[in-house]
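Residue numbers (our numbering), protein chains in the order written: chain A, 1 to 278; chain B, 1 to 251.
Among these hints, one or two may not hold up.
Keeping only pairs whose Cα atoms sit at most 30 Å apart, straight-line, the calculated DSSO-like set for lysine-lysine is [stated by the list, open to error]:
#1 B:K185 / B:K142
#2 A:K160 / B:K138
#3 A:K160 / B:K92
#4 B:K123 / B:K194
#5 B:K185 / B:K92
#6 B:K138 / B:K185
What the hints contain is simulated information worked out from the structure, not anything from laboratory work.
A quick note: this is a predicted structure, and the numbers were derived from the prediction, not measured.
Listed here are the chains, written in short residue letters.
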Amino acid sequence: METLSWRRRSTNHLMLSLLFLGGVLAAVPFFFISWYVLQKGLGVLSFEFFTQTPVGPGQTGGGMANAIVGSGVMLALASVLGIPWGMAAGIYLSEYGRGKTAAALRFSIDLLTSVPSIVVGIFIYGVVVIHFGFSAYAGAMALAVIMLPIVARSTEEILKLTPQHIREAGLALGLPRWRVILRIVVPGSRAALLTGVMLALARVAGETAPLLFTALGNQFFARSLSEPTASLPVQIYNSAKSGYADMEALAWGGALVLVFFVFIINLLTRWLMGMKWN
Amino acid sequence: MELIAVKKLEAWFGVFQALKDINLSIQENEVVALIGPSGCGKSTFVRCLNRLHEEVPGARVAGEVWLDGRNIYAPGVDPVGVRRGVGMVFQKPNPFPGMSIYENVAVGLRLGGVSKRTVLDEKVEQALVRAALWGEVKEILKRPGTSLSGGQQQRLCIARALAVEPPVILMDEPTSALDPISTAKIEELIQELKTKVTVVIVTHNMQQAARVSDKTAFFLLGELVEYGATEEIFTRPAQEATERYITGRFG
Numbered sequence: 001m002e003t004l005s006w007r008r009r010s011t012n013h014l015m016l017s018l019l020f021l022g023g024v025l026a027a028v029p030f031f032f033i034s035w036y037v038l039q040k041g042l043g044v045l046s047f048e049f050f051t052q053t054p055v056g057p058g059q060t061g062g063g064m065a066n067a068i069v070g071s072g073v074m075l076a077l078a079s080v081l082g083i084p085w086g087m088a089a090g091i092y093l094s095e096y097g098r099g100k101t102a103a104a105l106r107f108s109i110d111l112l113t114s115v116p117s118i119v120v121g122i123f124i125y126g127v128v129v130i131h132f133g134f135s136a137y138a139g140a141m142a143l144a145v146i147m148l149p150i151v152a153r154s155t156e157e158i159l160k161l162t163p164q165h166i167r168e169a170g171l172a173l174g175l176p177r178w179r180v181i182l183r184i185v186v187p188g189s190r191a192a193l194l195t196g197v198m199l200a201l202a203r204v205a206g207e208t209a210p211l212l213f214t215a216l217g218n219q220f221f222a223r224s225l226s227e228p229t230a231s232l233p234v235q236i237y238n239s240a241k242s243g244y245a246d247m248e249a250l251a252w253g254g255a256l257v258l259v260f261f262v263f264i265i266n267l268l269t270r271w272l273m274g275m276k277w278n
Numbered sequence: 001m002e003l004i005a006v007k008k009l010e011a012w013f014g015v016f017q018a019l020k021d022i023n024l025s026i027q028e029n030e031v032v033a034l035i036g037p038s039g040c041g042k043s044t045f046v047r048c049l050n051r052l053h054e055e056v057p058g059a060r061v062a063g064e065v066w067l068d069g070r071n072i073y074a075p076g077v078d079p080v081g082v083r084r085g086v087g088m089v090f091q092k093p094n095p096f097p098g099m100s101i102y103e104n105v106a107v108g109l110r111l112g113g114v115s116k117r118t119v120l121d122e123k124v125e126q127a128l129v130r131a132a133l134w135g136e137v138k139e140i141l142k143r144p145g146t147s148l149s150g151g152q153q154q155r156l157c158i159a160r161a162l163a164v165e166p167p168v169i170l171m172d173e174p175t176s177a178l179d180p181i182s183t184a185k186i187e188e189l190i191q192e193l194k195t196k197v198t199v200v201i202v203t204h205n206m207q208q209a210a211r212v213s214d215k216t217a218f219f220l221l222g223e224l225v226e227y228g229a230t231e232e233i234f235t236r237p238a239q240e241a242t243e244r245y246i247t248g249r250f251g
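Construct the complete structure from the given sequences, taking the supplied hints into account.
What follows is the structure, encoded as structure tokens:
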């Protein structure tokens, strides 16, 4: 008896240690990437980095201001397109989505999530860019298509958490169903909905492939939304493969800014989720 | 005066018939208690009085419900319009999430087209006073409705229903999720409401039915077994099933 319980306890300890190790190992890449990007990129960040456009090969200095602005503009445009579209789909699926049509739609949206982002880029290239040229609009469209299924499914899942009797209370008050949804169910989940939206934004902020064929990139500030536009991921990609040490350094700076941006979004999300009125 | 007349009311969930041939009449300013074992159809019955039953997928209703001289199931009647004239309080307190105490009460008024701040303020206060909640919340109207205690939340829901001044209030086991003190407050409240509105209350609590109601209806397996003055039902029930249920010898 004594030995058996000793063996059982030591096996238990061993297994728990292995599981703990598994957990630690899963976090290793994150810390390693953060440390590496920080180490390589922090020295590059300067006032110049945030205010200047890139300089030509072989020259020193320059920055990524155009890429930061371009990313910001395209993310904003993509949000304007993708968030209402995705939310409308999510609201439909949660509130009216019954039967075969809804199941088919839900399945299509899930499949859209798994379409490789480069394919989305090629699609927008074929449909939009061929006719209108490279532009911030085209880039934003590609990003919006990637955001769409994420926003739709998170909206659906979040709205489904609202208890049925809350909807009934709205109906019983004499609100038509659409008003119950838009005045009570959606505002009641606003913090959680915002979380879903921000995660979608964080997801597309780092997308490179769909922007290569759509926004293309630009060494300067774009003068309008219908011109080729720089973005952080594409500029990182171009600078990193340039072969010039100064440009590679700028790429690390850009990487750090991107990681930091996504990190902030995640922190904001955590904070929103913890809010009382959620 | 007769306010509600139910004639040959039947209700289904898919193929399951939840209510069979219900006929019943309710007078103005009465409190009517609906009692009966779980699944007997009493909740379905109240949900037929504001056309909420049909919102459940697969649910269906037949028959007539006359409310204030109008058959709410007549063809062409808009259920949304019907519901504006009938208040409802649910089993679980359900203030609207993310909405302040004030907004919870005001939402029905705004829907009715009231937008003047002074009028809203006045009506919200009136409703909260009538729901015996004003004293507890007048300083904290901007806080979320969900921050209140369970009993206060339920009184907030009553205020929300009262704000639009409906002639009828339906209550579906309004105190089953509350502690005895909150329950007593709500029972007291029902007595006060009676002077102005008609209350139909579903309850599992026999003492509650006896305390608050003027008339009691006993439902069993989707049928209305007995309906009469509460005193009669609890002292001299005509049906044996009623007697067995109220004396707790039911099986």
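Structure-based check of all given hints:
Between the alpha carbons of K185 of chain B and K142 of chain B the distance comes to roughly 24 Å, so the proposed pair stays at or under 30 Å and holds. Our distance criterion of 30 Å between C-alpha atoms is broken by K160 of chain A and K138 of chain B, whose separation comes to about 33 Å. A threshold of 30 Å between alpha carbons decides the hint, and for K160 of chain A with K92 of chain B the separation of about 18 Å falls inside it, so the pair holds. For a cut-off of 30 Å, the pair hint linking K123 of chain B to K194 of chain B stands: about 19 Å separates their Cα positions.
Restraint check: the Cα-Cα separation between K185 of chain B and K92 of chain B comes to about 16 Å, which is no more than 30 Å; the hinted pair holds. For the suggested pair K138 of chain B and K185 of chain B, the alpha carbons sit about 18 Å apart, so the restraint of at most 30 Å is met.
Violated hint: 2 only; the structure is consistent with all others.
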